[in-house]
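**Student:** What follows is each chain in one-letter form.
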Amino acid sequence: MLRIIVPIKQVPETSNVKMDPETGTMIRLGLEAIINPLDLYALETALRLKQTHQAHIIVISMGPLNAEDALREALALGCDEAVLLSHRAFRGADTWATSYTLSQAIKKTGNFDLIICGERATDGETGQVGPGIAAFLNLPLVTYVRRISEITPAFACVERLVEGGFEVVRSEMPLAITVVKEIANPRLPTLRGMKAAKVIEIPIWGPEEIEANPDYVGLNGSPTRVVKIQSPKVTRSGTLMSAKSKEEMDQAADKLISYLRENNLLNWMNAK
Amino acid sequence: MIDKQNLKEIWTLAEQKKGKLNDVSFELLAWGRRLIPDENYILCSVLLSNEIDIEEVHKLIEYGADRVYLIMNVNLENFCVDPYVAVLTELIEKHKPDVMIASATSTGRTIMPYLSARIHGGLTADCTGLEIDNESGLLLQTRPAIGGNILATIKTPFHRPQMSTVRPKSISIPLRTSSRLGEIIHFNMDFTAVKNRTQVEKFIPFTEEGPSIESANVVVAGGKGIKNKNNFIVIEELADCLGGAVGSSRPLVDQGWTPYSTQVGLSGKTISPELYIACGISGTVQHLAGIQTAHHIIAINNDPNAQIFQVSDFGVVADLFDFLPVLLYRLREFRDNLFLAK
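As they're listed, the protein sequences go chains R and L. Numbered continuously in our numbering, the first sequence closes out at residue 272. Numbered continuously in our numbering, the second sequence closes out at residue 342.
Do not rely on the hints blindly, as some may be mistaken.
Derived lysine-lysine pairs resembling DSS-like cross-links, with alpha carbons at most 25 Å apart [claimed, not checked]:
id	chain 1	residue 1	chain 2	residue 2
1	R	Lys244	L	Lys224
2	L	Lys202	L	Lys17
3	L	Lys59	L	Lys20
4	L	Lys227	R	Lys244
5	R	Lys246	L	Lys227
6	L	Lys59	R	Lys107
7	L	Lys155	L	Lys202
8	L	Lys155	R	Lys228
9	R	Lys246	L	Lys224
No lab work stands behind these hints: they were computed from the structure. Because the structure is a prediction, the values reported are computed rather than measured.
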């Protein structure tokens, strides 16, 4: 039986978000919190391994108390255990402190064979926490995994998506991986799953429970600091042409080609 | 006065494949050069390889490095975390760089966070701006976050090195000066204690796909407006004509019409090509987040109110099945004249 850890993050739901045309920023009012969409692929990977290899899946999240909803949803999908890391001291953590905190919690949950992380979160978009956890736990790491071909308690054989192709990588276990969307289609929770998830107790851990070095957690433990935040204006003042008739289309095509020429954007044209 | 003993080092992590340097290695030198305020700083490039010609290594100097740290070992043939981390940790401990920049490639995005956790450096991902603050001498790193809706400026006050990744293509390759002088330092390291727990058994290239969207100068992408899978050929033809790569918006990938490696946007790839052409893409916030740093954006959509036009440099309101053939015809005409003229 494999013991699998899936760290997840709760993020604001942004799929139907509208932009404020005045400021060019996201209208955040009334945004719901959801499981980071890319973490669903990590969860699905774990759940499939549970079906094929038998596995015990522990899902962990750091965040405010309402991140329990995300964990509850993961349990409804079929994960076995959940842990919430929530404490004032964890606030303001950068990716370094977040990776440290999650890795301490993972140590606390006992032995494991595999850690599966999403590629990155859709809010912070750094993709740094998965590799960071692997480093703190001194694990081998394979990122951008698109397929697990073989897995045993001793080794795993996976496909890693890289520029222009993929690598076939063999690794010792225990192992940490980050997965890409290609790996599987995430399932939806079932009614039965949701019912079962309701009765599972989710412990809430703070720095003491995970025996964290207080200098390494939260804002205090973060090497990086945000100095300022700006809202960039995303709009560009471009030409807009309407092309309905054949004549208008010819005109638009000519104008467009002129634009491409003036900006040296036709330099890579294929000769044939 | 220049204190030779206490030169501050700005590092870039060069990348190579089979003994050939990747363009990102030179782009990083352009970023690094901007961060050298005076002669108390030097620009260094770190290169890990199995085997590489010294002329190839020298290119790093020609493109701007003052010093190259070269580590050659059979364990470094493919990128694997264990030997890379072992080498870089030892090198960093010895030379104590002030700043270290890598490209946001599959390698850079993997090694940098692992290394930063290991050596307790401060790391910022996907920076679009880097500068040294005149007063404090600290690296100021600017990056878009929350789908490009905010730009955050980040610094690392106390931990070293100050680490960043920058996107490929986010800067032009600097001019090459073959007479530039610099030193190549061979860093010898004992690998006997380095345990490599992962092995790359083989690399399988995508044969049909052409250039990847992250490295292409031109990306032509299709969205829901293409209506069915077979229509995607018009996108491929335009991409092929312009010498570009094919991209797609999320709905197409979710339908299984196009592979994930082509997905542009928040849950796909963030790209900075010279030219991005969006065909039948409405421009959701998620999609726009992926193309914010494209240099030129062209949009073709039949809905004049499509969000994509808000961010376009040139937009055409047209049915793409009518307009793209006309555009392709005109482009080919232009190209044929061009080659005839030569």
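**Student:** Decide, hint by hint, whether the structure agrees.
**Tutor:** Against the structure, the hints:
1. Restraint check: the Cα-Cα separation between lysine 244 of chain R and lysine 224 of chain L comes to about 20 Å, which is no more than 25 Å; the hinted pair holds.
2. The hinted pair formed by lysine 202 of chain L and lysine 17 of chain L meets the criterion: a straight-line CA distance of about 13 Å does not exceed 25 Å.
3. Between lysine 59 of chain L and lysine 20 of chain L the CA atoms are separated by roughly 10 Å; this keeps the pair inside 25 Å, and the hint holds.
4. Proposed proximity of lysine 227 of chain L and lysine 244 of chain R is supported: the alpha carbons are some 19 Å apart, at most 25 Å.
5. Straight-line distance between C-alpha atoms of lysine 246 of chain R and lysine 227 of chain L comes to about 22 Å, which keeps the hinted pair within the 25 Å bound.
6. For the hint pairing lysine 59 of chain L with lysine 107 of chain R, the CA-to-CA distance comes to about 45 Å; that exceeds 25 Å, so the pair is violated.
7. About 39 Å separates the Cα atoms of lysine 155 of chain L and lysine 202 of chain L, which puts this hinted pair outside 25 Å; it is violated.
8. Distance restraint check for lysine 155 of chain L and lysine 228 of chain R: the Cα-Cα separation of roughly 10 Å lies within the 25 Å cut-off, and the hinted pair is therefore satisfied.
9. Taking the CA atoms of lysine 246 of chain R and lysine 224 of chain L, the gap is about 24 Å. The hint holds against a cut of 25 Å.
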